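Chemist: Listed in order, the protein sequences are those of chains A, B, C and D.
First residue of the first sequence: 15, per my numbering; consecutive thereafter.
First residue of the second sequence: 278, per my numbering; consecutive thereafter.
First residue of the third sequence: 5, per my numbering; consecutive thereafter.
First residue of the fourth sequence: 3, per my numbering; consecutive thereafter.
Calculated from the structure, these hints are not laboratory results.
Please read these numbers as outputs of a predicted model, since none were measured by experiment.
Quick reminder that beta carbons are idealized off the backbone N, C-alpha and C, glycines included.
Among these hints, one or two may not hold up.
Claimed, not checked - Pairs of lysine to aspartate or glutamate residues, derived as EDC-like cross-links and limited to a Cα-Cα distance of at most 20 Å, are as follows:
no., chain 1, residue 1, chain 2, residue 2
1, D, K281, C, E53
2, B, K492, C, E53
3, C, K68, D, E415
4, B, K457, D, D399
5, B, K484, C, E47
6, B, K356, D, D53
7, B, K484, C, D17
8, D, K283, C, D17
To be verified - Some residues of chain C that are not near chain A, with every Cβ distance over 12 Å (derived):
no., residue
9, D17
10, V22
11, W37
12, E47
13, R60
14, L177
15, A191
To be verified - Cβ pair distances, simulated, as ranges:
no., chain 1, residue 1, chain 2, residue 2, range
16, A, H139, B, R308, 52 to 60 Å
17, D, K240, C, V205, 27 to 35 Å
18, D, G125, C, F57, 58 to 66 Å
19, C, F57, B, G580, 50 to 58 Å
20, B, R299, D, P64, 41 to 49 Å
21, C, N202, A, P120, 30 to 38 Å
22, B, K492, A, T75, 51 to 59 Å
23, D, K240, B, G580, 39 to 47 Å
24, B, K492, C, L94, 23 to 31 Å
25, B, A461, C, P110, 32 to 40 Å
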Amino acid sequence: MATLSIKGVRKSFGSLEVLKNIDIELEDGGFLVLLGPSGCGKSTLLSIIAGLEPSSGGDVTIGERNVNNVHPKDRNIAMVFQSYALYPTMSVRRNIGFGLEMRKMPTPERDAAVKKAADLLQIEHLLERKPGQLSGGQRQRVAMGRAIVRDPDLFLFDEPLSNLDAKLRVEMRTEIKRLHDRLGTTIVYVTHDQIEAMTLGTKVAVMRNGVIQQFADPQIIYEQPANVFVAAFIGSPTTNFLNGTLEATNGLLSLRHGGGSLDLGGLQQDVGAFVGRPVVAGIRPETLQVAETGVSGTVEVVEPTGPDTMVILNVGGQMLTARLGSRDRPKLGQAMTLSVDARAVNLFDPDSGDRI
Amino acid sequence: MSRALYTAAPPRTVWESINPLRMIGELSETRYWMYLLLLPSALLITAVVLYPTLYGFQMSFREMRLNRPDVGTDWVFFKHYIRMVNDPIFWLSLRNTAIWVTSSIALEFLIGLTAALALNRNLPGTKLLAVLILLPYFLPNVVAGHMWGLMLDPRLGVINDLLMRVGLLDGYKAWFADPKTAMAAAIIVESWHSFPFFTLLIMAGLKGIPADLYKAADIDGAGPLAQLRLITLPMLKTIIAAAVILRVIGLVNSPDLLLILTSGGPGRSTQVLSLYAFQMAYKDFNFGYAGALSVVMFVLLMGFAWIYVRLSKVNED
Amino acid sequence: MAQTRSSSKLLWDVVAYVIMIGLAIICVFPIIWTFLTSIKVDEDIVTREMVYFPTRFTFDNYVKLWFQSSYPTLVANSLIVTGLTVLICLLTGAIASYSFSRFNFPGRTQLMLGYLVVRMFPAVLMIIPLFIVMRQVGLLDSTVGLAIAYTSFLLPLFVWMLKGFFDSAPKELESAARIDGSTRIGAMLRIVVPIARNGLVATCVFVAIAAWNEYLFALMLTTSQGSRTWPVGLQLMVGEFQLPWGMLAAGGMISILPVVILFAIVQRVMVAGITAGAVKG
Amino acid sequence: MTTRFGRRSILQMGGGLLAASALLPRYAFAQAKTINYWHTFTSQSEQAGLDAVRALFTAAHPDITVIPENIPNPEFMAKITAAVVANTRPSVTMVSSERFQDLRAMGALTDITDRVSGWERRGDFDDSRFASITDDGKVYGVPAFTFVDWIYYRKDWFEEAGIAVPTTLAELHDAAVKLTDPAKGRYGFGLRGGPGGQNPVINMMEAFGSPVLHADGTIGLDRDKAIEGVTFYASLLKDGAAPPSAPNDGFRQIIEGFQTGQTAMIYHHTGSYQDIASKLKPGVEFGTMAIPAGPVTRVARLAYAYNTITKPEDADAAWEWIKFWGEPDAAVAFLEKTGYFPASTVAAQDQRIVGNPMYAAAAETLGFGIPQPSFPGAAGWAESTVLPAFQRVLIGDATPEQAVDEMIAGLAEASQ
């Protein structure tokens, strides 16, 4: 177990800069999720932490040790890959024990460690098989077994669940959470799935184009996204963005938009400087409720999902998605008014996209 | 678990720090590792290909006649090249090379394509038939040459006998004594030997064509021939282009089979450039002129490859 | 409509069989004929009337070939040269191929093309200088020298073919192994090579067959019986005062036998390798 | 870093490599009593002949082991050139007279003038036997045996048709035409237009008055006479008296044609006697005749195969081996297996030879036969210019005039 510190890490392939000045501090036992769309550099960052790729600059420190010039094999980390990367020619037992074998651990000790890990993951009955004879979920467990048996300073997960079907993914997600709670090892976890990020991480770093957009607790990321990109990336359905002009009447803030005016009383932000200027309001669909006052528009699309009903409202030419209860099933073309909880609204600067 | 013990240990003894295995292991972690891996083969290729080739180039500008030590080994600049321009045998060999290469490739391609299309239907028994059909490619040139030499022998050859039995020939035919049939027979033997190369590559290409395309064509009502013309051949274009260029290189460069079958005869009717250069070197011992002939071959090949690659790219757009 | 389609499919299946069987006969007939010739007595070969099936079977031709020619030495030389060629290719080519397959570095594409372009150099142009170079380093007329010469055209092929096989082993496996405690070379030897084993065998067989068959370099770069290979020996035996047809046929059979067997065993993997190399090339 | 070919540099290199080659066990051993012998024998009968000579030699010199290596004619020059340049020479090499000048120029041969003049059997040989292995007064080899040109003919067919054995080339042509019957698959003359066919062409030109090498040492063809010779020789095919396969027929083909009863005559030398006799009955089915006379001279070659010392380090043991071929017992044993004539006059008078009527034609030829023209480049010119040019006449691709012009141009190129 160890802390992880990344300072000013850069990476470029020729003239292409894929990581720009990354800074991250993770406490001992923390669970860091690197979240972002594909190509944002999150996997490259993970490879640099693992030592699989050299960085073009900056420092990576695991525990107290600067590992810039330490080979992957000597960093005392473990990694779970998207494709599991199980050695096809070896049995499950040898796969799990391979890292210990490499470190010349005597066989009896090694067998005990493998058994313990297999026990923990309930894959004891699979130990003599070859990876080719396993199902996707079983391979996933073996890959995790291979990681935990080493009792490393740091766990690295590279999109470990993306090859599983929806049901297994949820199951394994819970399993990983449980493992983390139980082992308490520091974890870095790469994913593009925001649910995984929200459910697993103690810290989330949202990345885009090689830059960390926001590095914070998941709750903060959700409630106070640092910019339009983060707001849009986190949450499903995605955050509504309502363009308008910020107005202050008698000290009360409101947003004038194409379809009327939205009262922003109770807004959490200090927005003084933006009064009278165009802003973008980020409104999460789940904060909208059917009400007498708020924003009004006509219903364009209704999508029942079972527990919820998604309603897309045309508000003066701008589309607003609301997640309503299953019983709220408005008709197409019907006029509708939704209340907005101003405490959950985030205002963004339309020029920079940053949160005001 | 006593983890501290099993994290990678630094070298503890002098032996460990000089242990060659360990040193290679350490070396493999450096950032120049990929180049180190390439080094042995690159050195080898430089030594056995690049250096001799450069040497060959300089040889073509010198007098080098092994059986005439009296003429020395001076620089003669373009003497050999000028001689070549006025050498009717060179031009004849060039023409023969063109015929030899184009006819062989055309024949090999046609048979190769047909075989690949047939094999690609994956009918029962195809696996065994594929082994038999691909086999000639792996036989030695020398043996292939002699096998056919025996079969095509005018007096003792089985082919004449068979053709006479079915009435295609009315007397024995000396295939290698008539300039027309000599070249044709050599081309047939060469094609027999090398068509499986096309079959191999085209089969691989066919596997890469999505089956959906054919299903769509079926629904659109395109027959097998239309499918061949509209789907198969266009999709195979790159692979065919690659196969053709590899074969051109092979055919231009290697005189083996002609050396065994005809030695360029009768009357130089099957004389090709590579054979001419070979004979110039090892029958007339004029290494300088042989070198110049080889250089011209090389330049022609490079020129061909360049134009060919460009043309096949232009067509793609 | 369904009726016509299935009958047309049947028709094309029949056509395919006719083509395949016809070609297979054409491909194998010369080999069968050579075999028949090799077990005929001379009177059945040099005749006015064609004798299709031997009136008398004899293995004399093989026996004579073995005892009267320097056949055992020649075959031994061929085996040594073939073995050395494969060994050199394995030692230098496998790691080069691995490097091309695993690392993305500046100049990689150009280098790979460079490996291919060397195959374009005319053998005739290379043989004379190679001869001189080999003499300078004392490798002329030696099996080692010949094997090294073979690498000039077999090594590039080996690298390209093997790269296809290495490519199909996931890169993440090495990452995993490196994190598990292997060095890069350890990961290559312990993890990737075992996975690419079939491909490695097939590529080696391909190179071995090519080396076994080679004629021109062997003819020019060996000057004595001590290093002469089998195809050259066979051709020299044919010479001017020609080897009797029966013995020549026996020699032919002996030289293709290992090729046929090896090819039949690994043909499927080998075909995949050749095509993978060429397709990407 | 460039290497120059040439005798001097090769000799220098030879010295340098001597030390290196001594390190190789093979050569270290060779310096003791093992010598290797390159020859151009390949046929079964020749192998048997060589084995017989070796057996006699081993009995006489148990301390010297001879390892024979067979280098057939078509590859011979390439291989010996390579070996000389590479300095992996054999101890002893068999050299035919037309190759002598090339090899001497290359520096492949060792001067053995002193050894030969001190040899007790020197007197057994006529001086002319050494002519084509002597250059500038230096002797480079010892004649081992003689190839005597002659013609094999189907005695039974000649008798059946009532034709006399020809003594002039014109008669030969007539006989060939008369014996030709394509319906029976019979042709009068097995013309060798393929590999090795160059020598009869040169002989024909000389028989019609155009030698290549003149008495004064100059080289050149008399265009008109040469054209006559080529025209005559090609007429055998033009007139249908030779099999259509002639342009590609080499040794194997003409022998097989004669053996299988396709052809009535073939032009070869004594060396193929045993091969022919293995299929046809000597004196009954086939006979031998001396080469008929041409309009200007009668040309039959006495080509000597010489044994030469090519590796000076092994000279002592090598000398024992090459002079052994001059022993009558060895020469006769070789003749009996092969049909090759002894080069030694003493051996040629052995009863085993003069008593055999089949050898009469050869004995006759010894009286008028002449050596092959020999000058540097002769072999290459004959093989890569004369032969293709003549083939072009045979296949109708060139007139005899054009072919002779080609030969003249090639000769100029070779001797330039």
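Chemist: The structure should be examined with respect to each hint, and the outcome stated for every one.
Modeler: Going down the list of hints, with the structure as the test:
1. D:K281 x C:E53: 15 Å, holds
2. B:K492 x C:E53: 56 Å, violated
3. C:K68 x D:E415: 45 Å, violated
4. B:K457 x D:D399: The given pair, whose Cα atoms are some 11 Å apart, holds under the 20 Å limit.
5. B:K484 x C:E47: It is violated: about 51 Å lies between the C-alpha atoms, which goes past 20 Å.
6. B:K356 x D:D53: The given pair, whose Cα atoms are some 49 Å apart, is violated under the 20 Å limit.
7. B:K484 x C:D17: 18 Å, holds
8. D:K283 x C:D17: 59 Å, violated
9. D17: 35 Å, holds
10. V22: For C:V22, whose nearest Cβ neighbour in chain A is about 40 Å away, the distance exceeds 12 Å, so it holds.
11. W37: Answer for C:W37: holds, closest chain A Cβ roughly 45 Å.
12. E47: For C:E47, whose nearest Cβ neighbour in chain A is about 58 Å away, the distance exceeds 12 Å, so it holds.
13. R60: C:R60 clear of chain A: closest Cβ-Cβ about 54 Å, beyond 12 Å.
14. L177: 5 Å, violated
15. A191: With a cut-off of 12 Å, C:A191 comes too close to chain A, as the shortest Cβ separation is near 9 Å.
16. A:H139 x B:R308: 52 to 60 Å: Check failed, 44 Å falls outside 52 to 60 Å.
17. D:K240 x C:V205: 27 to 35 Å: Once the Cβ atoms are compared, 60 Å apart, the range 27 to 35 Å for C:V205 and D:K240 is violated.
18. D:G125 x C:F57: 58 to 66 Å: 59 Å, holds
19. C:F57 x B:G580: 50 to 58 Å: With Cβ atoms ~53 Å apart, the hint holds.
20. B:R299 x D:P64: 41 to 49 Å: 59 Å, violated
21. C:N202 x A:P120: 30 to 38 Å: With Cβ atoms ~34 Å apart, the hint holds.
22. B:K492 x A:T75: 51 to 59 Å: The hint (51 to 59 Å, Cβ to Cβ) holds, given that B:K492 and A:T75 are roughly 57 Å apart.
23. D:K240 x B:G580: 39 to 47 Å: 43 Å, holds
24. B:K492 x C:L94: 23 to 31 Å: Given range 23 to 31 Å: violated, Cβ gap about 44 Å.
25. B:A461 x C:P110: 32 to 40 Å: 50 Å, violated
Of the numbered hints given earlier, the model fails hints 2, 3, 5, 6, 8, 14, 15, 16, 17, 20, 24 and 25; all others are met.
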